[in-house]
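Trainee: Line by line, the protein sequences give chains A and B. Residue numbers for the first sequence follow the numbering used here, beginning at 1 and rising by one. Residue numbers for the second sequence follow the numbering used here, beginning at 508 and rising by one.
Be aware that a few hints might be false.
[Said to hold, decoys possible] In silico PhoX-like cross-links for lysine-lysine, where the CA-CA straight-line distance does not exceed 20 Å:
no.	chain 1	residue 1	chain 2	residue 2
1	B	699	B	665
2	B	598	A	386
3	B	541	B	699
4	A	386	A	443
5	B	582	B	541
6	B	615	A	313
7	B	645	B	699
8	B	736	B	582
9	B	598	A	380
[Said to hold, decoys possible] Here are the in silico distance ranges between beta carbons for each label pair:
no.	chain 1	residue 1	chain 2	residue 2	range
10	A	223	B	608	55 to 61 Å
11	B	650	A	44	54 to 60 Å
12	A	379	B	563	57 to 63 Å
13	A	479	B	608	53 to 59 Å
14	A	464	B	577	55 to 61 Å
[To be verified] Counterexamples of contact, computed for chain A against chain B with all Cβ distances above 10 Å:
no.	residue
15	26
16	134
17	264
18	294
19	307
20	322
21	345
22	413
23	441
If you are wondering where the hints come from, they were derived from the structure by calculation, not from laboratory data. Backbone N, C-alpha and C fix where the C-beta goes; we use that ideal spot for every residue, glycine too.
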Amino acid sequence: MIGWTMRRLPAGSFAWLVLHEVRLSMRARFGKRRASLTGVLGWVILAGWLGIGVLAALGLAHVPIEPNNGQRIAVLVAAILGFTFMTSQALIASQRTLYESGDLDLLFSAPVPPRTVMSAKLVGIVAAIALTYSFLILPIVVPVAAVGHPRLFGIVALLAAMALLAACLGLALTLVIARFAGPRGARTLGQIVAAVAGGAVFLMSQIANLRGSGRGRSAYDQLYQWMTAHGYGSTGWTAIPASAAFGAPLPIVLLLAATALLFALTVTAMNGLFLAAYRAGGVRLSPRRQARGGIARHFHPGLFGTVFAKEWKLLARDPALVFQVVLRLIYLVPLFFVGLNNKVAFAPGLAFMSVVIAGQMVGSLAWLTVSAEDTPDLLKVAPIDKAAVDRAKMIAAIAMAAPLIVGLPIVIALSTPTGALVTLALTLLGGWLTGVLEVRFGKPAPRSSFRRRGGGGGSLVRTLLQFAMVAVLGGIAGGVVLLLTFDFSRTNLPRAGQAPNVSMLRH
Amino acid sequence: MRGPPVGFPASALLDEASMTSALSLRGISKAFDKPVIVDLDLEVAAGQLYALLGPNGAGKTTTLRMAVGLADPDKGNIHVYGIDARRDPRKAKAITAWLPDDPMLYDKLTPAEYLGFVAGLWNIAPAQAAPEAERLLKWLELWEVRDTRCEGFSRGMKQKVALAGALIHDPQLLILDEPLTGLDAAMARSVKDALRAAVDRGKTVIVTTHILDVAERMADRIGIIAGGKLLAEGTLDELRERAGADDMTLEDTFIRLTSAPALA
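Could you build all of it, start to finish, from the sequences and the hints given here?
Mentor: Printed below as a string of structure tokens:
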């Protein structure tokens with residue numbers, strides 16, 4: 001579609017350049033193989049999503065939509081969350097567009113005004129952000145708005161305004177971070193913001209679901225009542241997003257005009273600042289550090305120390321990748337709430353979680369240390385024992401996960417020191433075995449490819465095997481701790497159909 | 508400008524009998540989708556600078572990757588200074604250095620950290636490796652950026668860091684695939700001088716290069732490989748004689764030999 005449109009535009013024109021940028025962004029985000037299974041699946045999901053939108057449009061065609069307070073607050077919260085994701089995307093896109101695309105020399109050497117090139121690049125960032133969220137929102141919103149609720153086209157305006165604002169913020173942050181920490185720092189921040197925001201949304205939903213049952217008001221109820229009490233979302237400037245989304249003309253005009261003006265100012269400033277810096281001497285991906293002192297500190301005795309030090313440095317210097325990988329564990333966090341809500345299962349539950357979560361974390365880190373290897377050939381031509389290298393890499397992964405490995409057993413030790421030791425041992429065993437699986441089945445690949453995969457975790461079979469293994473070990477740990485904390489002297493075994501007495505337990 | 512370091516104990520691994528042949532490939536064959544190397548015999552004497560030339564896809568890099576243990580031949584024997592590299596690869600690797608066309612670097616490590624890592628892999632004691640690393644970094648004009656991560660380096664700077672890594676354990680056998688790629692003229696000259704100096708100290712250097720002028724000026728012997736076979740091998744004069752003209756440049760000789768495989 002983009003290529004088809006580009007062919008009909010004058011080559012080198014502003015619109016043509018914008019579409020070129022959008023094409024690059026889309027390919028960086030979704031890949032470029034239209035015929036791949038993932039691509040086909042994506043189109044099927046989009047078609048299904050559109051189908052749901054059409055059904056919703058038919059169902060709501062004659063239903064009046066009058067926004068109430070709750071809906072306005074929901075729009076505000078969704079807008080804040082969406083804006084957070086958009087800003088993280090803008091940070092990454094700005095860094096890629098300005099510093100990593102590698103095409104600036106080509107574009108600036110072409111007979112096209114440099115300001116046109118820069119403006120097209122910046123508009124391309126906005127368009128790429130807006131397009132990403134359009135796939136999510138427009139298949140539902142457009143049919144509903146088109147069949148009886150034209151005011152809902154305000155959501156499209158809100159989306160555009162948010163994309164403009166996010167792009168301005170992302171560009172400004174990128175320039176500031178690049179100034180002090182180098183352009184890669186901007187990408188790192190963008191990835192971390194995206195990962196944390198994604199994890200926070202999931203956690204909030206889980207907390208609301210789990211704590212809402214039987215404990216009175218849910219977290220959502222509390223948030224809603226707090227926002228209502230302060231008038232957030234329904235009065236003042238915080239009402240603007242909802243008013244725009246529900247089609248009020250003035251907020252729509254205000255939002256679009258303000259964000260467009262801000263974007264125009266940003267483009268003007270960027271044209272001046274970035275082009276001046278570029279012409280003055282180009283851009284550097286990393287700041288050049290002042291060399292200090294000797295180099296003896298970088299030389300370690302023995303293979304283990306050498307490999308361990310290198311893996312630690314590489315992990316510590318790629319926080320975005322570590323964040324991506326470790327945040328996968330967030331999806332195991334609901335286990336915590338199950339355990340904490342049940343007095344009988346508290347210590348055994350902690351033991352189970354310790355093994356599962358720490359094991360998974362070690363597995364994830366081992367995936368990085370063992371498989372994310374930029375120079376496998378260097379290790380192959382070196383006169384070393386590969387098993388020793390793998391051991392050092394696994395121990396580096398375990399060391400990095402040490403706070404988690406030790407943390408939960410310490411809590412368990414308050415109930416049963418023996419159980420804590422057993423848990424610790426099984427946690428270490430679980431971590432070690434997940435690492436062994438990584439060594440056995442992992443395939444080395446450059447770290448950059450791991451970043452593109454978003455910390456996906458290697459093959460599905462290996463991930464399942466690792467999870468099954470730590471789950472079994474976790475079950476054993478939980479069982480042992482249950483036996484150790486169970487007070488048999490006060491036990492009256494329940495008859496069939498009778499619930500056990502909680503007083504049977506020491507804790 | 509000073510040359511590369513000397514005096515590491517790798518030579519202690521060698522015995523007297525192994526000192527005549529630095530690299531010996533006998534009956535080597537390798538196929539991927541199709542045969543890439545076919546019954547290749549190659550002998551590089553110790554203390555020589557040997558240039559392996561050939562057109563693109565001739566099998567040069569595959570041959571060298573097998574020599575350093577990165578790829579297994581389908582059949583044949585490989586000896587490095589008399590050590591059976593297929594039977595005792597660690598011993599052979601201990602005295603060999605490999606510098607590929609694409610530098611083997613970690614973007615997130617600094618040159619000093621990279622050299623520390625490589626020295627650890629080759630088990631060089633820190634007290635010995637750190638001064639040599641300092642000397643190499645200064646020689647290659649990397650000392651000022653020793654604490655800057657490699658990710659922002661130019662191609663030439665990365666090549667120099669990798670070259671320092673290849674030299675830090677003072678290998679007996681240096682195998683370098685296009686070692687001058689990305690280097691400026693002055694640094695290329697320094698590297699050529701250093702390689703020559705290493706040979707003068709008894710080391711063996713095998714290089715592949717597309718710059719025939721480099722091979723013509725530097726190499727003691729030249730091998731020309733094409734289609735996975737060694738077409739011709741010898742000194743420049745011997746190659747000229749084989750090509751049938753005494754006054755040809757190496758470029759003319761190369762083109763004549765590679766376009767007439769029947770000569771092999």
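Trainee: If you check the beta carbons of residue 464 of chain A and residue 577 of chain B, does the distance land in 55 to 61 Å?
Mentor: violated (33 Å)
Trainee: Is it true that residue 650 of chain B and residue 44 of chain A lie within 54 to 60 Å of each other by Cβ?
Mentor: The hinted range 54 to 60 Å holds for residue 650 of chain B and residue 44 of chain A, with Cβ atoms some 58 Å apart.
Trainee: Decide, holds or violated, for the assertion that all CB atoms of chain B are farther than 10 Å from the CB of residue 294 of chain A.
Mentor: Not fine: 7 Å to the nearest Cβ puts residue 294 of chain A too close to chain B.
Trainee: Does the no-contact call for residue 134 of chain A survive, Cβ to all of chain B over 10 Å?
Mentor: Residue 134 of chain A clear of chain B: closest Cβ-Cβ about 34 Å, beyond 10 Å.
Trainee: Measure nothing beyond the straight line between the CA atoms of residue 699 of chain B and residue 665 of chain B; if it is 20 Å or shorter, mark the hint as holding.
Mentor: It holds: about 17 Å lies between the C-alpha atoms, which stays within 20 Å.
Trainee: Evaluate the given range 57 to 63 Å for the C-beta pair formed by residue 379 of chain A and residue 563 of chain B.
Mentor: The hinted range 57 to 63 Å is violated for residue 379 of chain A and residue 563 of chain B, with Cβ atoms some 28 Å apart.
Trainee: Would residue 307 of chain A pass as off the interface with chain B, using Cβ distances and a cut of 10 Å?
Mentor: violated (7 Å)
Trainee: Taking the closest pair, is the beta carbon of residue 413 of chain A still more than 10 Å from chain B?
Mentor: Consistent with the label, residue 413 of chain A stays out of reach of chain B, its closest Cβ about 37 Å off (over 10 Å).
Trainee: Decide, holds or violated, for the assertion that all CB atoms of chain B are farther than 10 Å from the CB of residue 264 of chain A.
Mentor: holds (33 Å)
Trainee: Holds or violated: residue 598 of chain B with residue 380 of chain A, Cα cutoff 20 Å?
Mentor: holds (13 Å)
Trainee: Residue 645 of chain B and residue 699 of chain B: Cα distance at most 20 Å?
Mentor: holds (17 Å)
Trainee: Taking 20 Å as the top limit, are the C-alpha atoms of residue 615 of chain B and residue 313 of chain A close enough?
Mentor: holds (8 Å)
Consistency note: the structure conflicts with the earlier hints numbered 3, 12, 14, 18 and 19.
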